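Line by line, the protein sequences are chains P and G.
The numbers in my numbering rise by one with no breaks, and the one at position 3 of the first sequence is 12.
The numbers in my numbering rise by one with no breaks, and the one at position 52 of the second sequence is 45.
Please keep in mind that the hints were generated in silico from the structure rather than gathered at the bench.
Quick caveat, the model's predicted, so the values are computed rather than measured.
A virtual CB, placed ideally from N, CA and C, is assigned to each residue, including glycine.
Please note that the accuracy of each hint is not assured.
As the list claims (entries may be wrong) - Pairs of lysine-lysine residues, derived as BS3-like cross-links and limited to a Cα-Cα distance of at most 30 Å, are as follows:
hint, chain 1, residue 1, chain 2, residue 2
1, P, Lys67, G, Lys62
2, G, Lys11, P, Lys67
3, G, Lys62, P, Lys87
4, G, Lys62, P, Lys78
5, G, Lys11, G, Lys62
6, G, Lys11, P, Lys58
7, G, Lys50, P, Lys67
8, P, Lys58, G, Lys64
9, P, Lys58, G, Lys50
10, G, Lys64, P, Lys78
To be verified - These stretches of chain G come out as covered by chain P in the derived footprint (C-beta under 8 Å, 3 or more residues):
hint, stretch
11, 13 to 23
12, 54 to 62
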Amino acid sequence: AQSVTQLDSQVPVFEEAPVELRCNYSSSVSVYLFWYVQYPNQGLQLLLKYLSGSTLVKGINGFEAEFNKSQTSFHLRKPSVHISDTAEYFCAVSGDDKIIFGKGTRLHILP
Amino acid sequence: EAQVTQNPRYLITVTGKKLTVTCSQNMNHEYMSWYRQDPGLGLRQIYYSMNVEVTDKGDVPEGYKVSRKEKRNFPLILESPSPNQTSLYFCASRLTGDTQYFGPGTRLTVL
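Use the sequences and the hints to build the structure in full.
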């Protein structure tokens, strides 16, 4: 069985500051890992994914994430956030048949 | 354009009145699923389908039914809706192990 924990339900950060959204997972099988973003009043769209290969994954809008197998983490980072990054971010893990989502982290950008 | 479509986008109904939310994808994906999104609870899977005529319960299946008679369609049926089914619903599809594509969402209110 798999599970995903997003450690922060909300993260406030000043505009142009760096941000890290944390995600830890547990699984007994090899996994694929994803970050999705949900902008206000919209559906979810893929930000980035790790399937195999390089542990540093780059996504859209300047985001990146690092797969750390020993720490079972897949934290999302951006070096400088913009007001347009205001959204809810979901980490997800897919192993066998199912894809499991974390409860989401709401990113608030402060002017 | 590759997409997942849902209808209706918004629905207000009364307790006990049967309703169906349609979902269709044009990407020839085997895997389709339904989620509900509630504040503080993230995305919870209702049902999923690995292929035509193959459906299985997710984490919160009570009060819902699905069918998968064709590969592209995966309707969600509420035989007797109740107020606790007021939520935002997302349909999604994917190839096994890969990126999940989401529909735009259906906001359901049950009075």
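Verification of the hints:
no.	hint	in the structure
1	P:Lys67 with G:Lys62	38 Å, violated
2	G:Lys11 with P:Lys67	45 Å, violated
3	G:Lys62 with P:Lys87	43 Å, violated
4	G:Lys62 with P:Lys78	40 Å, violated
5	G:Lys11 with G:Lys62	20 Å, holds
6	G:Lys11 with P:Lys58	38 Å, violated
7	G:Lys50 with P:Lys67	34 Å, violated
8	P:Lys58 with G:Lys64	25 Å, holds
9	P:Lys58 with G:Lys50	26 Å, holds
10	G:Lys64 with P:Lys78	35 Å, violated
11	13 to 23	violated (count 0)
12	54 to 62	violated (count 0)
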